[in-house]
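Q: Turn these sequences into a full structure, and let the hints steer you where they fit.
Heads up: the sequence lines are chains A and B, in that order.
When the letters of the first sequence are read in order and numbered with my numbering, they come out as residues 1 to 524.
When the letters of the second sequence are read in order and numbered with my numbering, they come out as residues 1 to 253.
Hints listed in this document are in silico derivations from the structure and should not be mistaken for laboratory results.
All clues stand as given, with none of them false.
Computed beta-carbon distance windows for the label pairs:
no., chain 1, residue 1, chain 2, residue 2, range
1, B, Ala240, A, Asn402, 41 to 49 Å
2, B, Arg54, A, Arg351, 27 to 35 Å
3, B, Leu13, A, Gln181, 53 to 61 Å
Listing some non-contacts, in silico: residues in chain B with all C-beta distances to chain A over 12 Å:
no., residue
4, Asp177
5, Leu210
6, Leu238
The C-beta atom is built at its ideal place from N, Cα and C for all residues, glycine as well.
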Amino acid sequence: MSRWRHPLPWLLALVGYSLWQQADGWLGLLDGQSWRQMGNFLATSWPPRQDQDFLALTLTATLESLAVATLGLAGALLLGIPFALLGSRALSLAELGPIPSPLRGALRAFSRLIAILLRSLPELIWALLFVRLSGLGPLAAILAIAVSYGGMLAKVYNEIMESGALQPARALLLGGSDRLQALCYGVLPAVRQELLSYTVYRWECALRASVIMGFVGAGGLGQQLELSLRMFAGGEVVTLLLAFILLVTLADGLSAWLRHTHSPGRQLLACLGLASAMAIYQLDWRMLSFSLGGLGRFIGEFLQPDWSRPFLLTVGTGLLDTVQMALLSTLLSALLALPLACLARHCWPLRLLFNLLRSVPELIFASLLVIAVGLGPVAGILALTLHTTGVLARLFVETLENADQTPRLALQLSGAGPVASFWYGLFPLVSRQWLAYSLYRGEMNLRAATILGVVGAGGLGQQLYVSLSLFRYDQASTLILAILLLVWLAEGISRRSRLPRPAPAQRDCQIWIGSKLPASSRPR
Amino acid sequence: MIAVALDGSGLRLGESRILHPLRLQIEAGECVAIIGPSGAGKTSLLRLIGTELRSELALSLWGEDPWTLSTRARQRLRSRIGMVWQQPPLPASQPVVTAVLAGRLGQWSLVRALFSLLRPCDPEGARAELARLGLADKWQQRCGELSGGQLQRVGIARVLYQQPDLMLADEPVSALDPVLAQSSLDALLAQARARGSTLIASLHAVELALERFPRIIGLREGRVQFDCPAAAVTPAMLAALYAGDQEALPCIG
Numbered sequence: 001m002s003r004w005r006h007p008l009p010w011l012l013a014l015v016g017y018s019l020w021q022q023a024d025g026w027l028g029l030l031d032g033q034s035w036r037q038m039g040n041f042l043a044t045s046w047p048p049r050q051d052q053d054f055l056a057l058t059l060t061a062t063l064e065s066l067a068v069a070t071l072g073l074a075g076a077l078l079l080g081i082p083f084a085l086l087g088s089r090a091l092s093l094a095e096l097g098p099i100p101s102p103l104r105g106a107l108r109a110f111s112r113l114i115a116i117l118l119r120s121l122p123e124l125i126w127a128l129l130f131v132r133l134s135g136l137g138p139l140a141a142i143l144a145i146a147v148s149y150g151g152m153l154a155k156v157y158n159e160i161m162e163s164g165a166l167q168p169a170r171a172l173l174l175g176g177s178d179r180l181q182a183l184c185y186g187v188l189p190a191v192r193q194e195l196l197s198y199t200v201y202r203w204e205c206a207l208r209a210s211v212i213m214g215f216v217g218a219g220g221l222g223q224q225l226e227l228s229l230r231m232f233a234g235g236e237v238v239t240l241l242l243a244f245i246l247l248v249t250l251a252d253g254l255s256a257w258l259r260h261t262h263s264p265g266r267q268l269l270a271c272l273g274l275a276s277a278m279a280i281y282q283l284d285w286r287m288l289s290f291s292l293g294g295l296g297r298f299i300g301e302f303l304q305p306d307w308s309r310p311f312l313l314t315v316g317t318g319l320l321d322t323v324q325m326a327l328l329s330t331l332l333s334a335l336l337a338l339p340l341a342c343l344a345r346h347c348w349p350l351r352l353l354f355n356l357l358r359s360v361p362e363l364i365f366a367s368l369l370v371i372a373v374g375l376g377p378v379a380g381i382l383a384l385t386l387h388t389t390g391v392l393a394r395l396f397v398e399t400l401e402n403a404d405q406t407p408r409l410a411l412q413l414s415g416a417g418p419v420a421s422f423w424y425g426l427f428p429l430v431s432r433q434w435l436a437y438s439l440y441r442g443e444m445n446l447r448a449a450t451i452l453g454v455v456g457a458g459g460l461g462q463q464l465y466v467s468l469s470l471f472r473y474d475q476a477s478t479l480i481l482a483i484l485l486l487v488w489l490a491e492g493i494s495r496r497s498r499l500p501r502p503a504p505a506q507r508d509c510q511i512w513i514g515s516k517l518p519a520s521s522r523p524r
Numbered sequence: 001m002i003a004v005a006l007d008g009s010g011l012r013l014g015e016s017r018i019l020h021p022l023r024l025q026i027e028a029g030e031c032v033a034i035i036g037p038s039g040a041g042k043t044s045l046l047r048l049i050g051t052e053l054r055s056e057l058a059l060s061l062w063g064e065d066p067w068t069l070s071t072r073a074r075q076r077l078r079s080r081i082g083m084v085w086q087q088p089p090l091p092a093s094q095p096v097v098t099a100v101l102a103g104r105l106g107q108w109s110l111v112r113a114l115f116s117l118l119r120p121c122d123p124e125g126a127r128a129e130l131a132r133l134g135l136a137d138k139w140q141q142r143c144g145e146l147s148g149g150q151l152q153r154v155g156i157a158r159v160l161y162q163q164p165d166l167m168l169a170d171e172p173v174s175a176l177d178p179v180l181a182q183s184s185l186d187a188l189l190a191q192a193r194a195r196g197s198t199l200i201a202s203l204h205a206v207e208l209a210l211e212r213f214p215r216i217i218g219l220r221e222g223r224v225q226f227d228c229p230a231a232a233v234t235p236a237m238l239a240a241l242y243a244g245d246q247e248a249l250p251c252i253g
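A: See the structure below:
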């Protein structure tokens, strides 16, 4: 019985099946024609286009992305903070005693449920929906970020507040203070730094997300990128990509500085104020239109999902494709990242490569690869692999550097070679951590695989994009339910198979990546 | 044949001087105990001989200076040296049998080493060494599941399995009770006698050192205070060696 519980044979079977099923796509990789096309595209891409007009356009688009991210986060805070407070046990008067209070318990459960619903759909899917509702332009992106990040902020704020000591707030409540006072005097002092640093980190994520959303027509750098890609204007693509990498690097540096500085409050306010001023100045407010009548009809159609049998079969295929993409790419990138991480300890250009791979989102890789290998899941798998290899390799290198080197050195002192001493002395120390990282990235990849279809890289996202373009909202509704199912399944599995928590000393070394924190590795 | 010869100007780590100039020669097959108060430089001396640290001291092992050799030749030389560490550096998730087998990595080819990770290639040999230290039943457990004393004995078993020509032991029995300490030390000494290999051990248990080792080196504040046969060590010499130490003579280990 326990034989069948072991995940390895299942994993291998699934990998074999997906290789067999996507055989055509993989063979396409060997086709000279497609690579020639990619070559032509690359040939036009150097030098990058740098005339005055285009640079001005790039700057405008970049500022627009920045504005979208900042306003989106502001919206997320407005939405997230009330839900976080409603769902929190840290400030509950009913917990004192406790007084049985089913109504308050139900309210708390309800607010948590809403937060889960909001954050379960990837932000790009939200953007796709809002584009239908409010038309092309930045408003859709702002709303999408506000909604999905609102849910995430509610969840993580809640966790942070409850992870801090509950005693101080409880003591204040027992002393007769009301709940907001207890929040300010009992909870916030302990967790203020952590809340702020998480918010800054979210802002950085929102910036990346705002670029991605341009691909579905929600304005900013991403929209320009998509246009240039469609016109096969390689030079423009490179200029825009460079602008994007610069923007992300700057945001990365800024957020690292804000998180490590001792009193971030004032600087944070200054930065956010500056960014929002720029944002408000930059945005073309005429673009912000919203029709309430449309909303009603929209929701009405969404409430009638398409349950017909042939369509369900199609959805099933898309579901399987998505899972395959996530699985294969995670496996491939873990296998690639292992030797690369070992090499990178002595070779710094590799680290630069990891950072480059890491900072370019999967969706941009996918939109480039679709040119080379054609529409379909293979492009998605390769795109996910490229991005994930960068992320995993960087995490692996960090683990290697933080691991205790004495077992390896001891073996080398007794004459063992470098490879043997790695496998005997260092690998056992890092293997569990690496497995945990890979599993966590697998979960992230499953979410990412649902959106890659937007640029034609297969999976559920592609079907959703098509059905929304055809105004088949009933089908879109079924597909969204399928995506929700997948995301919840992945979370459930990863929670069940969660490896033992790393030691507190190790937890601090982990960085926050992707769009969600691993519950086990958040520094407390 | 001289197994270990040290001659030169000592050792500095940063600003502080760990070892003063010293001369030391140890014949192949000799068993030597190094005693002295904490911080005397016992561990540093062993790390110097084990080629873990490098200093201006001229070190020669079996007539060769390890630091003038090529990297490959130095690794070959190192495979003849076995270290017993005070806190054995063993990965917690590694099976005990693999940890013991790792002693011979310097002698194995890479292919054999990698295959042995999947399926231990000489479990009987490892078990035999573990049995000599009273750990025969632990070979399938993981290192992290063992107590400090058991782990220290696994470290000894690894060196016994390595069968080196020079065994360096840094407080090899510090975590063991008196009876186990004696039997574990005896296993090291028996191996040295049987294979004719050299054993240099630093010990806190003075009486155990005097009883089991023919030659004693007393080290204090980085200087060799005395270097003589065990029979010639007098209580006065010991008192001078440990003078000013808060604790009186360390009790029998």
